[in-house]
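Undergrad: Spelled out, the chains give:
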Amino acid sequence: MGLATSRRGFLRAASGLLVAVALPLKTRAQDAAAEAAVPAAPAVPPGAFIHVAPDDTVTVIVKHIEFGQGPLTGLATLVAEEMDADWSQMRGALAHADDALYANLAFGMQGTGGSTALGNSFLQMRGAGAAVRQMLVETAAEAWGVPPAEIAVARGRISHPSGRDSGFGAFAQAAAQRPVPAETPLKPPEHWVLIGTDLPKLDTAEKSDGRAQFTLDLYPEGVQVVVIERPRSFGATVKSWDDADARQVAGVRAIRQLPQGIAVYADSTFAALKARAALKVEWDLSAAETRTSQALMAEMTAAAREAGRTVEESGDLSGLDAPGVTLLQAEYSFPYLAHAPMETLDGVITLSDGRAEAWYGCQFPGLDRPAIARTLGLPVEAVTVHVMLAGGSFGRRAQGSAHFAIELAEVAKAGGNGSYKLMWTREDDIRGGYYRPMTVHRLRGAITPDGRIAAWENVIANQSIVAGTAMEMMMQDGLDPTAYEGSINLPWTFGGHRVAWRRVDGKVPVLWWRSVGSTHTTMATETFLDELLEAVGKDPVQGRLDLLRPDATRERAVIEAVRDLAGWQGSKQGDRGYGVAFAKSFGTYVAQIVEVESRDGQPHVTRAWCAVDCGIPVNPNIIRAQMEGGIGFGLGAILHSTITLGENGAVQEGNFDDYPTLRISEMPQVEVTIIRSDEAPTGVGEPGVPPIGPAVANAWRALTGQRTRALPMIQAGGVV
Amino acid sequence: MTTITINGTQRTLDIDPDTPLLWVLRDELRLTGTKFGCGVAQCGACTVMLNGTPRRSCVTPVGMIEGADVTTIEGMAGREFDAIQAAWRALDVPQCGWCQSGQVMSATMLLQQLPAPSDQQIDEAMAGNACRCATYHRIRAAIHDAARTLEG
Ligand code: FES
Ligand code: FES
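Protein sequences appear in the order of chains A and B.
Going by the working numbering, the first residue of the first sequence is number 1, and it counts up by one from there.
Going by the working numbering, the first residue of the second sequence is number 1001, and it counts up by one from there.
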C-alpha cells in the first residue's frame, strides 16, 4: 500500500505504463455524464486511471481530491476488485486537471463535492479495472499459448493450470499494445472479495510520520512566499497604502497591489508576515458590507416572517388556523460559519514565458484551470494544475467563484516569471468569508385536539450559495436547492405541509459547508419535530417511527438500528439526557442518538450512536471514520462556532482561540452500525454531520427543559 | 547566529532571531513534517520535542532557544514512537492528515511520560492538538492500543 504522490515516484512508475494516456480518446465522457444519472461505463481509456509498473505495483490515478474523506482508497478498491489485484500492490495518486479524462460524471466537469466521489466512479473505475484485467489475461494467454478462458487471476497473480504463474508487471508493457476491449463484464457482487471489507487506507502511513506532501511543503527553486493584506470589511477596496516600513523588513522582494489587496513577496514566510504586519492600508468602505451580524440577523428574521416562495406544498394547510388546534411556533437562527480546514488555503504557481503550472488542493479543477488561464491571458492548454493532498476542505476548497485560483494567478501575474507560494494565515481564513450562510427558519406546527400533527410550515430565509457564481446552473427556476435541501421530501406524514424560501441577497460571500443546507435544515426540522412529538406525548424514537410514510423503509431501518444499538430507553435516564435525529442527505440515510450530561451547566456529549445506510458499503472502515468525523465536526460547530460581524462589518473572530474547534475532551465515544445493502453506493463525507446537532439539542431539552433556538449552544444567550 | 541541535545535528543559523522555529524548520531546513495550523499556539500542528518536552514551534522564536535540542517528526525514533506509528496504522487514524504529525508528537511524548494513560490523561495531554477532521475517537483508541503493546 502507499501513496504515489511525489512527482519523482510517479515518473518512475510511468516507465511501465500499461496503457499510454496518449491513446486516442473516445469523447463520450461528456455526453455520458449528461445522459446518465447513473454514471456510464468508462469512455476514457483505462490507462488514464491505471498504471501497472514492472514491479507489479498498480497505481490508480484518482480523479477526486483527497482531503481525508477517502476517495484515494475507495477508488483504488474498485479497481483492485475488478483486476483481482492484491491490496498490498495498490497505490494511489491524484489526477491532474483534465476535464476530458477526469470529469466527475455527476457534474460533467472535473470536481469533487456533494459526496459524489464514490458514487459517480463506481461503474467507471470497476470498468477500467476489468478492462485492464482482460488485457493482461489476453497478453498472458498469447505468451503462454493457451486460451484466455483457461487463465485465472487472483490476488495479483495470473496463472494457468499448467503451472504457469506471473505477476501483472511482466505483461504490462505488452498488454499496453493491445486494443482496449469494447466491453468487459463486471464481477457480480457475490464474487467481490475486496468491496465491503475493511481495507487499510492507502495514505495512512505517510500521513502518520510526516512524509505526506501537501502544497505548503513544496519549495520550487527560488520560490517567493506571498501573503496578502485584505480588507476587514467584505467588499472594501484599497484607498491608499504606505509600505515604507514594510520595505525595511529584510527578505522582502516586492509589494504590489492586487485586486484582492496588498501582496507582500518575500524570501521566507516570516519575512512576508512581518512585512505585512508593517503595512499601513486605508480602506474605502463605500461599497462594503458594514452592518453587524445583529443587523443582518434582524433582516433575516424579518424575511423569514414573510410568506416566502413555496418550494414544496401538499395536503391541507388549514389546520394551521383551524379552531381548537394547538399551534406551536419557533424561530431558529443560524450564524455564519467558517470551515477552518486545518490546512489554510495555499497554492504554489510557477510562471514561465507563457506557461503556468500550479500545485494546490484544487477541488474544482474544471473551473479553476480556465480561471487561471483567463486571469493570466493564457490558453487553457498552457496551464497545468496538479491536485495536491489537502488538509481538509469541508467545502472551503470547492469554489464556484474560483476565487483562490484567480488570486493565485494574480500573484503570478503581478510577480512576473518565477515561482510563488501564496499562503493564507488562520486569521485570513477565519475572516476571509465564504461562510455557511446566516439562516433563519420559522416553523409552525398544528396539533389537533385528538393529538395528531395536522399541519407543518417551514419558511427559510438565507442567501443563495450558487446564485451569481459559476454554479448558477444549479438554480432551478430561480430557486437555489442548496438553501433549503433537507427541509423538503421529509419522510414524515403530516396532515398538510408547506416549505418556502425567502432569498436575501448580501455582500458577505457564502459557500457550502460540509452537508450544506442540511447543516441548518436538519437542526430546525428535527428539533421542531421533537417539540411536536413532545406536545402529543410521544416518545422521540417511537413517535418518529409512527410518523414514517409506509414506503420509507430505509429511513425506518436506520432509526430502528440506532435505537437498538443505543439500547434506547427514553429521553431521560437519571442525570443523562438522550436525543435522536434522522437525516437523509446526499442520498445517504443516517440516524443518530446521543447521551448528554450537564457539565457546569453546559451540554457535554458522552456517547453517540450512529446507523448509516449508504448503499453498498464499499469500505466500512472509511464509512465509520466519516461518521465519527462528521459527528465531531458537527458537534464542534453547534457547541462553539459563530462568525460575528462587528463594527464596520469586521469579523470579530480570528483564530482557534475565539473560533473554537472541538477538542478531544469533548469527543464522545462513537459507535457506528452500517446497514447491509445492495443499492448503489452513495457518499459518506457529509451525511454524518446533519443529525448530530438536533440529536444533542433534543437530548439537552430532555435533560434541562431548555430549547435550542440559536447557535452555538455554548455562548451567552445561545441556549434559551 | 543561533546554534541549535535538530534531529541530532548541530545547526548554526544566520537568521532573524525573532523567526519562529516552525519557519526555520520548514523554510530553512525543509523539515516539512511539522505543520502550520494557527501560528498562535492554539492547534498543536507545529508540535516538536524541545529538550524532551512538547513545544509549539510557531510561537518559539529561534533566538530564545540557543543551545536547545529539537526533535521533529522526521527525527523521532524509539519504542513509544514505533508503538504509536503501528497503532496509527492499525486504526487508520488520519483523515486529511494535516494535524497528524502534531498528534503523533504529543502522543509519543505522553507515552514517554505515562506508559498507560487513562482516557482523562489522554484528553489532558492531547487537548492542545486540534483536529478539524475530528479523528479524536481513533486517536484515543490508538494511544491505548500503543500503550498495550508497550506493556508487552
Ligand atoms: S501552528 Fe503552532 S499551535 Fe497551531
Ligand atoms: S486529520 Fe485532518 S485535521 Fe486532523
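Think of the hints as simulated: they come from the structure by calculation, not from any bench.
Ideal placement from N, C-alpha and C gives every residue a C-beta, glycine not left out.
Certain hints may be false.
Restraint ranges, calculated between C-beta atoms of paired labels, are given here [said to hold, decoys possible]:
1) Glu1066(B) / Asp198(A): 21 to 31 Å
2) His1144(B) / Gly145(A): 33 to 43 Å
3) Thr1003(B) / Gln669(A): 28 to 38 Å
4) His1144(B) / Glu560(A): 42 to 52 Å
5) Gln706(A) / Ala1086(B): 42 to 52 Å
6) Asp284(A) / Ala1077(B): 54 to 64 Å
7) Arg253(A) / Thr1003(B): 25 to 35 Å
Undergrad: All hints are to be evaluated individually against the structure, with a verdict given for each.
TA: Evaluated hints:
no., hint, verdict
1, Glu1066(B) / Asp198(A): 21 to 31 Å, "violated (49 Å)"
2, His1144(B) / Gly145(A): 33 to 43 Å, "violated (57 Å)"
3, Thr1003(B) / Gln669(A): 28 to 38 Å, "violated (47 Å)"
4, His1144(B) / Glu560(A): 42 to 52 Å, "violated (32 Å)"
5, Gln706(A) / Ala1086(B): 42 to 52 Å, "holds (45 Å)"
6, Asp284(A) / Ala1077(B): 54 to 64 Å, "holds (56 Å)"
7, Arg253(A) / Thr1003(B): 25 to 35 Å, "holds (28 Å)"
Of the numbered hints stated above, those contradicted by the structure are hints 1, 2, 3 and 4, listed in ascending order.
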